[in-house]
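Engineer: All chains should be built: construct the whole structure from the sequences, respecting the hints.
Each protein sequence line maps, in turn, to chains U and S. Number 99 in our numbering belongs to position 99 of the first sequence; there are no gaps in the numbering. For any residue, its number in our numbering is found by taking its place in the second sequence, counting from 1, and adding 536.
Don't read these hints as lab results, they were simulated from the structure. There could be a bad hint or two in this list.
Derived Cβ-Cβ restraints for the label pairs, each shown as a range [unchecked claim]: (1) S:707 to U:80: 45 to 55 Å; (2) U:295 to S:819: 49 to 59 Å; (3) U:502 to S:915: 52 to 62 Å; (4) U:333 to S:863: 41 to 51 Å; (5) S:707 to U:473: 43 to 53 Å.
Calculated lysine to any residue pairs in the SDA-like style (CA-CA distance at most 25 Å, straight line) [to be verified]: (6) S:913 to S:890; (7) S:931 to U:469; (8) S:913 to U:469.
Some chain S residues near chain U, calculated using beta-carbon distances under 8 Å [what the hints assert, rightly or not]: (9) 704; (10) 800; (11) 902.
The beta-carbon is built from N, C-alpha and C at its ideal position, and this holds for glycine as well.
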Amino acid sequence: MEVDKVTAAATAAPVSAPAADDATPKAAAPITLADIKRNIGFIVRATESNQHRLTLRAIRNTTAIRTRVAPAVLKEAVMAYVPETHPARAQMLETLDALPAPAVEAAAEPPSEAASMEVEGEKEKDPAAPEGAETPEPAKEKWEEKLSLAAPEVETYVCMLVLAVVLRSGGETGALLPLANALLARVTSFNRRTLDHLASKVLFYCSLAHERAGRASDMRAPLLALHRTCCLRHDEIGQATALNLLLRQMLSQNLLDQAYKLASKTNFPETCSNNQFCRYLYYMGRIGALQLDYTDAHAKLTQCARKAPANTALAFRTAVQRLTVIVQLLLGEVPERAVFNAAGMRAALAPYLQLTQAVRLGDLVEFNAAVQQNKATFQADRTYTLIQRLAHNVVKAGLRKVNVAYSRIALADVRAKVRLDSDAGAEFICARAIRDGVIDASIEPVEKGAGGGAARCLRSREQGDLYATDEPQRAFHRRVAFCLDVHNGAVRAMRYPEDAYKRDLERAKRKGALEDKTEEELAKEIAEDMDEDGAL
Amino acid sequence: MDVEQQPAAAAAAPAPEAEDDEDKPTEQVPDMAVAQLAFVVTSGRGTQDDAKAAMDIITAKNMAPFYKALCAKSPQHFALDDALLQRMEAENAKTLAEIDAAQEMAEKDSGDVEVLDAMFARAAHYARIGDRDAALAAHKAIVERAKISTGRRIDAAMATVRVGLFHSDMPAVKEALASAKKLVEAGGDWDRRNRLKVYEAFYLVLARDMKGAAALLLECVATFTCTELCSYEEFIFVAVVTNVLCLPRTDLKKKIVDGPEVLGVLPSLPHLQALVASLYNCDYRGFMAAMVEVNEQLLSDRYFAQHARYMVKELRILAYAQYLEAYRSVVLASMARAFGVGVDFLDAELSRFIAAARLNAQIDKVGGVVETNRPDKKNAQYQAAIKQGDLLLNKIQKLARVTDV
Numbered sequence: 001m002e003v004d005k006v007t008a009a010a011t012a013a014p015v016s017a018p019a020a021d022d023a024t025p026k027a028a029a030p031i032t033l034a035d036i037k038r039n040i041g042f043i044v045r046a047t048e049s050n051q052h053r054l055t056l057r058a059i060r061n062t063t064a065i066r067t068r069v070a071p072a073v074l075k076e077a078v079m080a081y082v083p084e085t086h087p088a089r090a091q092m093l094e095t096l097d098a099l100p101a102p103a104v105e106a107a108a109e110p111p112s113e114a115a116s117m118e119v120e121g122e123k124e125k126d127p128a129a130p131e132g133a134e135t136p137e138p139a140k141e142k143w144e145e146k147l148s149l150a151a152p153e154v155e156t157y158v159c160m161l162v163l164a165v166v167l168r169s170g171g172e173t174g175a176l177l178p179l180a181n182a183l184l185a186r187v188t189s190f191n192r193r194t195l196d197h198l199a200s201k202v203l204f205y206c207s208l209a210h211e212r213a214g215r216a217s218d219m220r221a222p223l224l225a226l227h228r229t230c231c232l233r234h235d236e237i238g239q240a241t242a243l244n245l246l247l248r249q250m251l252s253q254n255l256l257d258q259a260y261k262l263a264s265k266t267n268f269p270e271t272c273s274n275n276q277f278c279r280y281l282y283y284m285g286r287i288g289a290l291q292l293d294y295t296d297a298h299a300k301l302t303q304c305a306r307k308a309p310a311n312t313a314l315a316f317r318t319a320v321q322r323l324t325v326i327v328q329l330l331l332g333e334v335p336e337r338a339v340f341n342a343a344g345m346r347a348a349l350a351p352y353l354q355l356t357q358a359v360r361l362g363d364l365v366e367f368n369a370a371v372q373q374n375k376a377t378f379q380a381d382r383t384y385t386l387i388q389r390l391a392h393n394v395v396k397a398g399l400r401k402v403n404v405a406y407s408r409i410a411l412a413d414v415r416a417k418v419r420l421d422s423d424a425g426a427e428f429i430c431a432r433a434i435r436d437g438v439i440d441a442s443i444e445p446v447e448k449g450a451g452g453g454a455a456r457c458l459r460s461r462e463q464g465d466l467y468a469t470d471e472p473q474r475a476f477h478r479r480v481a482f483c484l485d486v487h488n489g490a491v492r493a494m495r496y497p498e499d500a501y502k503r504d505l506e507r508a509k510r511k512g513a514l515e516d517k518t519e520e521e522l523a524k525e526i527a528e529d530m531d532e533d534g535a536l
Numbered sequence: 537m538d539v540e541q542q543p544a545a546a547a548a549a550p551a552p553e554a555e556d557d558e559d560k561p562t563e564q565v566p567d568m569a570v571a572q573l574a575f576v577v578t579s580g581r582g583t584q585d586d587a588k589a590a591m592d593i594i595t596a597k598n599m600a601p602f603y604k605a606l607c608a609k610s611p612q613h614f615a616l617d618d619a620l621l622q623r624m625e626a627e628n629a630k631t632l633a634e635i636d637a638a639q640e641m642a643e644k645d646s647g648d649v650e651v652l653d654a655m656f657a658r659a660a661h662y663a664r665i666g667d668r669d670a671a672l673a674a675h676k677a678i679v680e681r682a683k684i685s686t687g688r689r690i691d692a693a694m695a696t697v698r699v700g701l702f703h704s705d706m707p708a709v710k711e712a713l714a715s716a717k718k719l720v721e722a723g724g725d726w727d728r729r730n731r732l733k734v735y736e737a738f739y740l741v742l743a744r745d746m747k748g749a750a751a752l753l754l755e756c757v758a759t760f761t762c763t764e765l766c767s768y769e770e771f772i773f774v775a776v777v778t779n780v781l782c783l784p785r786t787d788l789k790k791k792i793v794d795g796p797e798v799l800g801v802l803p804s805l806p807h808l809q810a811l812v813a814s815l816y817n818c819d820y821r822g823f824m825a826a827m828v829e830v831n832e833q834l835l836s837d838r839y840f841a842q843h844a845r846y847m848v849k850e851l852r853i854l855a856y857a858q859y860l861e862a863y864r865s866v867v868l869a870s871m872a873r874a875f876g877v878g879v880d881f882l883d884a885e886l887s888r889f890i891a892a893a894r895l896n897a898q899i900d901k902v903g904g905v906v907e908t909n910r911p912d913k914k915n916a917q918y919q920a921a922i923k924q925g926d927l928l929l930n931k932i933q934k935l936a937r938v939t940d941v
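Structural biologist: This is the structure:
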């Protein structure tokens with residue numbers, strides 16, 4: 001599946017893009033237990049205060065750890081944070097022991113400046129919060145207590161790290177499956193809302209492990225069950241992750257009907273995670289395109305392209321762009337030239353550019369040549385099925401050009417222009433195109449009053465005034481709705497510190513008192529003024 | 537505007553052909569003529585004489601690195617002569633040693649001016665022999681040097697642009713142009729400013745921004761002093777070709793057809809003159825004939841070669857549009873006669889351009905008639921609003937992702 005390479009990158013939030021500042025000493029610093037501890041600090045606080053955003057931040061900060069941590073450090077973490085009663089503890093330690101120590105990759109994604117700055121900013125805001133590594137001795141007991149309260153979360157986090165690191169190290173994934181299953185079982189045995197985001201990550205890695213081992217279908221039943229459970233528990237991120245994993249699996253196995261049915265019978269929680277929603281849109285776009293619902297697919301894919309991270313996840317964005325181009329072509333539109341020149345995608349999109357040019361010219365011969373030449377690429381991209389459907393569109397594009405350029409043209413000329421085999425064939429194809437609404441025209445005899453056997457011609461109707469229809473209204477409405485959505489999203493995303501309103505209230509009261517006074521004075525002044533006027 | 541203040545010195549005394557630059561007191565560095573000759577020969581359009589002329593200049597100027605690159609690029613046109621190469625390299629080493637010695641002495645005994653002179657000499661030497669990387673580096677060293685007058689700094693920046701243009705190195709030209717423009721903005725005199733306009737125009741031609749190039753070139757027609765880049769005739773050729781395409785008819789008459797500076801040179805470019813005159817006088821048959829000749833010229837010009845197809849296509853669209861402008865409907869055969877082309881060819885051309893929305897017309901193939909229609913401005917604006925609005929929405933969406941964090 002084309003998203004394979006990207007999923008990892010797409011998981012990382014856009015802020016932790018692989019920054020180019022690997023020259024800074026900070027970037028080269030090896031991951032220590034302190035880094036993991038700091039993230040655990042976030043998770044503990046998140047659990048304590050029931051704030052998802054802190055969990056999300058911990059997950060975001062994990063990218064650097066995941067890519068560079070040494071197994072020994074991770075082992076320490078497991079020893080420290082996973083209780084001995086955990087069923088898979090020994091197994092984890094064993095697996096970690098078997099891992100080779102990774103070569104130090106200096107260029108591997110350094111922790112981005114933004115992320116670390118954010119953490120520092122957070123410190124300034126509430127210095128009382130336990131900061132993991134820097135916990136002062138007196139606060140230690142309190143910290144231990146909090147840690148024990150958040151034990152399932154912390155444990156899950158460490159398990160997730162282990163899974164991610166082991167998966168990343170490659171090697172035999174088949175042997176990993178029992179561990180993954182054990183961890184998943186353990187995680188799902190809890191029922192805590194503060195655990196949702198971490199659990200969904202474990203689920204994701206577990207499914208990835210199965211996929212890498214070539215046993216993706218084993219996961220389907222558990223995933224479906226999990227999806228049901230998540231729905232019952234209002235675990236939105238879990239629902240989203242499970243649904244996406246299911247769709248991904250079904251699409252990669254060409255189970256289109258099942259995927260379509262699953263998608264149509266479920267609701268996707270759109271607001272919980274941008275990245276998951278992005279993936280969902282891509283899968284839906286793909287399903288739509290394969291189900292011949294091109295308009296919908298196009299809308300989904302455009303939205304997906306808009307929502308996709310701007311800097312990371314290049315392969316995902318390329319996959320989306322490829323599909324968008326084909327869907328656009330299937331819709332009879334010609335994509336903008338600039339689309340093919342986007343940074344980093346140029347080489348990957350070159351075959352599609354060739355294809356687009358052939359469709360644009362309406363040249364069937366060139367189109368077939370382009371398809372033959374790039375067949376392997378298209379098959380690897382899993383777009384070949386859709387591209388085969390394009391052949392009809394090439395003829396249609398040719399017809400549309402003829403329709404625009406000619407007000408009246410003999411069918412024999414149409415045949416020559418579109419390179420069809422026979423006049424009769426041309427007539428059928430034209431008739432069909434007219435019926436399908438591809439061209440706005442009619443077929444009539446060349447000479448008025450001539451018999452049925454006479455030569456026929458294609459007469460284009462006058463192009464109507466688009467602005468006189470309600471099409472612009474609808475087009476603008478769609479865009480206005482989108483803007484309002486964005487606005488609502490922005491309003492919803494606003495965060496208010498706790499009890500801040502009380503302070504505001506007090507301030508407002510004080511200020512109000514002040515203003516009352518001045519207003520009173522003002523009223524007095526006016527009254528005096530009027531009195532004077534009256535006196536005069 | 538400072539352009540107007542400058543006397544039309546160059547116009548009064550057009551520079552001689554670039555080929556006999558060696559005879560002139562001021563030398564072209566790097567020699568653009570050799571780049572042009574080499575281009576003509578390597579593109580397979582040159583004659584034996586062209587190859588010989590190119591080799592003459594290369595030998596005369598000891599352009600060893602350029603020669604080496606040229607032979608590597610197209611061995612079928614330029615066979616590598618090892619003895620010659622070694623001789624030239626030896627010469628270059630000698631010159632370089634002289635410059636080194638001069639610079640060393642200047643650093644020891646003389647002031648900044650002498651050191652700077654030596655640096656300029658070194659940069660010019662690299663530029664002359666066609667060593668791109670060394671020339672770019674040497675010029676960069678001058679531009680970034682402290683304690684140097686603005687004028688000379690701009691000179692160095694402009695020389696960098698020339699080196700880039702000489703090697704058709706677009707990224708280098710772009711970068712150098714940007715820095716030179718910044719310097720000129722900060723305090724350049726009108727002469728350098730106008731020269732830089734020509735440089736930029738040539739770059740824009742390479743980048744296929746004919747409209748931008750046309751405007752810049754037109755500004756410089758009266759004040760051309762830029763002989764270090766091209767001769768006046770070459771300049772007028774570029775200026776006229778781009779402006780024919782981009783100027784509206786009324787301006788074309790004023791600035792090109794009746795422009796005194798252009799009129800002075802145009803007779804020496806007969807095909808181009810014919811092209812301009814026939815387009816303005818609506819002699820489309822003559823226009824098509826002249827265009828064939830101009831096409832040849834474009835193809836053998838190293839700035840225009842890769843845009844020749846585009847230019848000729850745009851010129852044809854211009855002529856068709858100008859012809860159709862006057863008619864409500866016109867018989868295809870009569871239009872074909874006016875252009876001196878076959879009906880089938882014209883039909884194919886028109887249908888192609890109409891389908892691409894470049895011409896406002898429709899063909900009635902059965903009746904053999906072309907019917908024109910007025911452009912629909914309101915709908916065009918609507919389409920533009922939707923298109924650009926979508927771009928804006930994309931950006932908004934990107935911003936909105938902040939709220940998801």
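Engineer: Look at each hint and say if it fits the structure.
Structural biologist: Now the hints, each set against the structure:
1. Taking the beta carbon of each, residue 707 of chain S and residue 80 of chain U are about 53 Å apart, inside 45 to 55 Å as hinted.
2. Taking the beta carbon of each, residue 295 of chain U and residue 819 of chain S are about 51 Å apart, inside 49 to 59 Å as hinted.
3. Between residue 502 of chain U and residue 915 of chain S, the C-beta spacing of about 57 Å keeps the proposed range 52 to 62 Å intact.
4. Between residue 333 of chain U and residue 863 of chain S the beta carbons are some 32 Å apart, a value that contradicts the proposed interval 41 to 51 Å.
5. With their beta carbons about 46 Å apart, residue 707 of chain S and residue 473 of chain U fall inside the hinted range of 43 to 53 Å.
6. A hinted pair counts as satisfied when its Cα atoms are at most 25 Å apart, and residue 913 of chain S with residue 890 of chain S qualifies at roughly 16 Å.
7. With a CA separation close to 29 Å, the supplied pair residue 931 of chain S and residue 469 of chain U exceeds the 25 Å bound.
8. Taking the CA atoms of residue 913 of chain S and residue 469 of chain U, the gap is about 16 Å. The hint holds against a cut of 25 Å.
9. Interface hint at residue 704 of chain S: violated, since its Cβ lies 20 Å from the closest Cβ of chain U, which is beyond the 8 Å cut-off.
10. The beta carbon of residue 800 of chain S is not positioned within 8 Å of any beta carbon in chain U (closest approach about 41 Å), and the interface hint is therefore violated.
11. Taking 8 Å as the C-beta contact cut-off toward chain U, the hint placing residue 902 of chain S at the interface holds, the least distance being around 5 Å.
The structure is inconsistent with the numbered hints 4, 7, 9, 10, although it conforms to all the rest.
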